[in-house]
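K.L.:
Listed below, chain by chain, are the residues.
Number of protein chains: 10
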Amino acid sequence: MNEEKTALGQKILRLKREKRLRWGEVAEAIGHSAVFACAACLGQMSLTAEAAEKAGALFGLGAEEVALLAEPPYRGSLPTVAPTDPVIYRFHELVQVYGTTWKALIEEEFGDGIMSAIDFEMTLDRQPDPKGDRVRITMSGKFLPYRRY
Amino acid sequence: MNEEKTALGQKILRLKREKRLRWGEVAEAIGHSAVFACAACLGQMSLTAEAAEKAGALFGLGAEEVALLAEPPYRGSLPTVAPTDPVIYRFHELVQVYGTTWKALIEEEFGDGIMSAIDFEMTLDRQPDPKGDRVRITMSGKFLPYRRY
Amino acid sequence: MNEEKTALGQKILRLKREKRLRWGEVAEAIGHSAVFACAACLGQMSLTAEAAEKAGALFGLGAEEVALLAEPPYRGSLPTVAPTDPVIYRFHELVQVYGTTWKALIEEEFGDGIMSAIDFEMTLDRQPDPKGDRVRITMSGKFLPYRRY
Amino acid sequence: MNEEKTALGQKILRLKREKRLRWGEVAEAIGHSAVFACAACLGQMSLTAEAAEKAGALFGLGAEEVALLAEPPYRGSLPTVAPTDPVIYRFHELVQVYGTTWKALIEEEFGDGIMSAIDFEMTLDRQPDPKGDRVRITMSGKFLPYRRY
Amino acid sequence: MNEEKTALGQKILRLKREKRLRWGEVAEAIGHSAVFACAACLGQMSLTAEAAEKAGALFGLGAEEVALLAEPPYRGSLPTVAPTDPVIYRFHELVQVYGTTWKALIEEEFGDGIMSAIDFEMTLDRQPDPKGDRVRITMSGKFLPYRRY
Amino acid sequence: MNEEKTALGQKILRLKREKRLRWGEVAEAIGHSAVFACAACLGQMSLTAEAAEKAGALFGLGAEEVALLAEPPYRGSLPTVAPTDPVIYRFHELVQVYGTTWKALIEEEFGDGIMSAIDFEMTLDRQPDPKGDRVRITMSGKFLPYRRY
Amino acid sequence: MNEEKTALGQKILRLKREKRLRWGEVAEAIGHSAVFACAACLGQMSLTAEAAEKAGALFGLGAEEVALLAEPPYRGSLPTVAPTDPVIYRFHELVQVYGTTWKALIEEEFGDGIMSAIDFEMTLDRQPDPKGDRVRITMSGKFLPYRRY
Amino acid sequence: MNEEKTALGQKILRLKREKRLRWGEVAEAIGHSAVFACAACLGQMSLTAEAAEKAGALFGLGAEEVALLAEPPYRGSLPTVAPTDPVIYRFHELVQVYGTTWKALIEEEFGDGIMSAIDFEMTLDRQPDPKGDRVRITMSGKFLPYRRY
Amino acid sequence: MNEEKTALGQKILRLKREKRLRWGEVAEAIGHSAVFACAACLGQMSLTAEAAEKAGALFGLGAEEVALLAEPPYRGSLPTVAPTDPVIYRFHELVQVYGTTWKALIEEEFGDGIMSAIDFEMTLDRQPDPKGDRVRITMSGKFLPYRRY
Amino acid sequence: MNEEKTALGQKILRLKREKRLRWGEVAEAIGHSAVFACAACLGQMSLTAEAAEKAGALFGLGAEEVALLAEPPYRGSLPTVAPTDPVIYRFHELVQVYGTTWKALIEEEFGDGIMSAIDFEMTLDRQPDPKGDRVRITMSGKFLPYRRY
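Protein chains in written order, with the numbering used here: chain A, 1 to 149; chain B, 150 to 298; chain C, 299 to 447; chain D, 448 to 596; chain E, 597 to 745; chain F, 746 to 894; chain G, 895 to 1043; chain H, 1044 to 1192; chain I, 1193 to 1341; chain J, 1342 to 1490.
Please note that the accuracy of each hint is not assured.
Said to hold, decoys possible - Computed footprint of chain D on chain C; a stretch qualifies when at least three of its residues, placed anywhere within it, have a C-beta under 8 Å from a C-beta of chain D: (1) 334 to 340; (2) 356 to 367; (3) 370 to 380; (4) 424 to 436.
Quick caveat, the hints were computed from the structure, so don't treat them as lab data.
We put the CB at the ideal spot given by N, CA and C, even for glycine.
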């Protein structure tokens, strides 16, 4: 249900490769962080009209494509519930292994409620390490307590 | 296949509540971080023999229970592939929404490979915020490049 | 993973039947709305310690049962993804039929974001109608816009 | 099995955007509520021949497209049983969490039977709130008792 | 979620066998048709308090079992979505083969709507035939048109 | 695997609409009951060569299309095991709710065996009722006892 | 839903092992073929009252167990749709590989219809072969043509 | 993954119909049994180069199509795990009902091992019967004992 | 369906831990390789009567347990099709990633056929490596060509 | 999500057949082992820019196709979780049967951790055997211990 946005994402990936751009440069051009810019270009987030214009200018997109970048997506485009690609599967594995831990720690610290996946932001960077560099991901989501009514 | 370790986890949760302990205190007592200590007590990680002894002393466990804490678990005990509990589902949602973003960013920065979920560590803490406190999670996993042979 | 809370819910249903109580009366006794009180007694919401005490007094529960009412549940206890019971299936059908409509209307009115299911409340009542009385359900959830970062 | 109606819905979404129409205006033009008009345009409800004519006039559709709007759809076009899009998933979550509550409250108030999803209507509006506006949804469905025969 | 009613159904099946009763006799004793009486005894329909009393008298059930017969069930207790037992599978096969036919014929004759499975009744009898007797099932459900609002 | 027959069914539906034919008239023209004629036109039953010729004459089909009507189909073309369309779902619900009842009644009356879904026929008609007309469906299938060998 | 018959089957397997009986001897004792006798003892077929008595005498079963052997089973007790045990999986594989071949050959030879799995019998024996003995299975099922009505 | 071979199979089915050939005649022309010839033409077995040439001559296929017949297929092209077509479903039903019987009989007669589905052959023929002709299928597969090492 | 053998496997794991035995020692005692001995003790392979006796002597098992070790198992006891435990999942991942490679290489080298998983053996050992020791697994299965008949 | 790489793999398979190349020759030309070269050509591994150039020269590919060979794939392209093709299924069966054995042996020898499927290599060759040649597969993956933190 998100075929158009996904196809545009594939096109942007090709253009980005041709123009030898990095996500950090894309992010700077459109005024967002690298994670958000990448997610929006791949069709999982929506840009504001202005940011979409900037992305269009950067990649040489048409007016309809610019408008598409500003549309809210039908989110969640992995082809299977448990992803088969090893990069993405490892995150699914973390949910399987740490799911109950996250729940226990959040409930101890904050009470009955959740970490928002909407009022949420994330960074991903390289952490140099003599035994092999590491991927560091930092997530921050607003705590939302269950409303008792 | 992990019923014994899961049942022990439930028992530890009850004991922890009675003793009014926090995961930070449990972690200090057994010599690990709060995330790891919580995951091990809930039956998703294994403790060394010494750490298991310390946990046993803290909670008043029997010898067989101490030995069980040191056993490698059959990991992954959520009852459904897509978890129904909202706390845990939000992380599943992140995999659905950000899966292709993580893949694109890791491959740009590191090349063809994955973030390890084994040589991996994580912290979870409270980030004060006037608009409502936030949950901050920091993950760090070794980058593992695909071997070309 | 919620067996204890679910079993307690079954016990409360039996007690409520014996005592000929209605959910409205339960709600009044514990200081919440009927929908919330019913959900909490059935093991899908957590009560505050005080409300749990009141529920325990009303139904004659033991201390451990009262404590259980105050525990956050592992939510989502239907036995199948698509419920087989016709009462509950009709709501699943509404999601199937109106899912894209809700998305279109919320996005038109509010922009890219969701209706919270956490900061959320609901009422259910009888709407008299000469052609057959109607069930009226009113839901109210905070709009949460996607954070652009 | 509903591809034609779904594709027409995508076209109408594009036309509506170009013409800067709101669902309330569409609804007024074709003589129905906004929820029903939106669901019908997206291909999940059927219009009467007259309403379909009005919708065709509003959007500049061809005769075959007008006829298609009046056809009963094959309802239920979400690509997965548990929707991945966060807007729609939150409603699925409500079914998982409140399913047994709805059943308990309906049976207490009305006896053994269901809320109809056919003789059913719904409104969705904005509920201003200083702590953040809220989405309000009101559903009304005829109670249908099980026939004992 | 219907274990108690299902277990009672198994007990009634054993009692019926011992007492050499037929469903027609059970039906007469409790004042309903054979199909409804059988469905209620097997835990898929609820009896009125009076009918439950009569069933209790017929089978020699205790007060709690009589009350259980009058409870609304969590309906739908087949262990798999597509039933494996050949008797029941053949009906599932009819849905697969005739599903679109039922839809086409009902919509031609009645318009956009459904046959109710709630305001519904059914008989099952033997149709003598020299080439081998036949099972005849007659279903009758109220037509419910979609409400346009 | 039945795409050609399904597509022909869609074409016939359009032609039937244009020619303002009813299934009863189609049935009369090709010499079968309305249910069978409809199922065959929708691609779930095969016609004899003669009946296919008559259908081809009625709808103005080509020789290859007439041949296709006479081919045995790959039966069962609903897109999901549990159908999402409410018209068809209600029949699936009947299987879930009445499955064990059918089994109990057939086994009491006939012994260990099944109702054939092959040596089978069905009618569907309108049953006028002051409280709202009803859909009446009568099925008749040969009883097939299990062979003991 | 067939737990009692399955459990009895496990008991009979143990008794057969202790008594060093072969299925051919069991079959002779109860007056059926080996395949049928084995299927009935394992709880997937029903015996006549007399054959059940003979089986009871052979294995030393109680009256209730004898009655259970004569009950129609809820058939189909494999724990997964695609069996994991290699002996049984190979037959599932034959369905996957030869399914369309069986359909093509039966339809060429007999027309539109099926091979009955009810009016059906089977033998299984050893076929000596110098390159390694072979398992030979012969199935015979009545052809049932689709009824055109 | 077998789309080309499957499409060629559909083409051969059409050609066979036009040429009024029977599978027995096809089999004779290419030098194999009817079952094997049919399975190979439908894209589930591979022919030797010579047999493929003969099939190409019989049906008037091009060189690329002949080469395709000689390619090993990606086997198993039914669209669902449990087939919906009644002809093929009946075989799936046999696996569900007789699976444990096959396992018990093979293990009694041969020990721990399987019937090969690779070193395997099969015939299908008509067995005249005054009560209605029967489909007879004979399978023969090499017994393969588990290697103990 | 393999509960007894699986439970015995859990018991043997506990005994092995208490007796501080390694799989190599178990293997030597019962006269098989370590992989086979481990698989048989965990309930996925059957031992000969003599080997089962030796295993019984080693672990101090009762006569019924010794007999159970010699029974053919219902193989395949992982709780999910795609295993959640990371150790086992990595092998599942290899099937997803290398499945088509294995097929291409086996068919090039051997023709149309399979590697047997029955006439099969395997070793697992430690491969010292300065950059971190490696797990080495060697599999050897008989090639079985498809029989053309 | 890997359609382009998969389609290129199909093209390379055709070219390889036309040029009568073997995977060993392809491997030599591009400077990798046969298993890795085959996996990369089929679209499940990525080549370095140089190796991709060599592969392009060998097969006569265009610049865009060469670039595609160097892109990281979305891994895991089998159409079903449990593969239906018998060659690949046998490996899936090994996971089902030997999964717990691998886990037990790796944990005994190495402790709590996994065999990497990333820092991993594999060979596949023919093992001559008078009773029928065998397929030999040797896997070697780095052991990765769980980090305790």
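K.L.:
Run every hint past the structure and note whether it holds.
P.N.:
Tested hints:
{"no.": "1", "hint": "334 to 340", "verdict": "holds (count 3)"}
{"no.": "2", "hint": "356 to 367", "verdict": "violated (count 0)"}
{"no.": "3", "hint": "370 to 380", "verdict": "holds (count 6)"}
{"no.": "4", "hint": "424 to 436", "verdict": "holds (count 11)"}
Violated hint: 2 only; the structure is consistent with all others.
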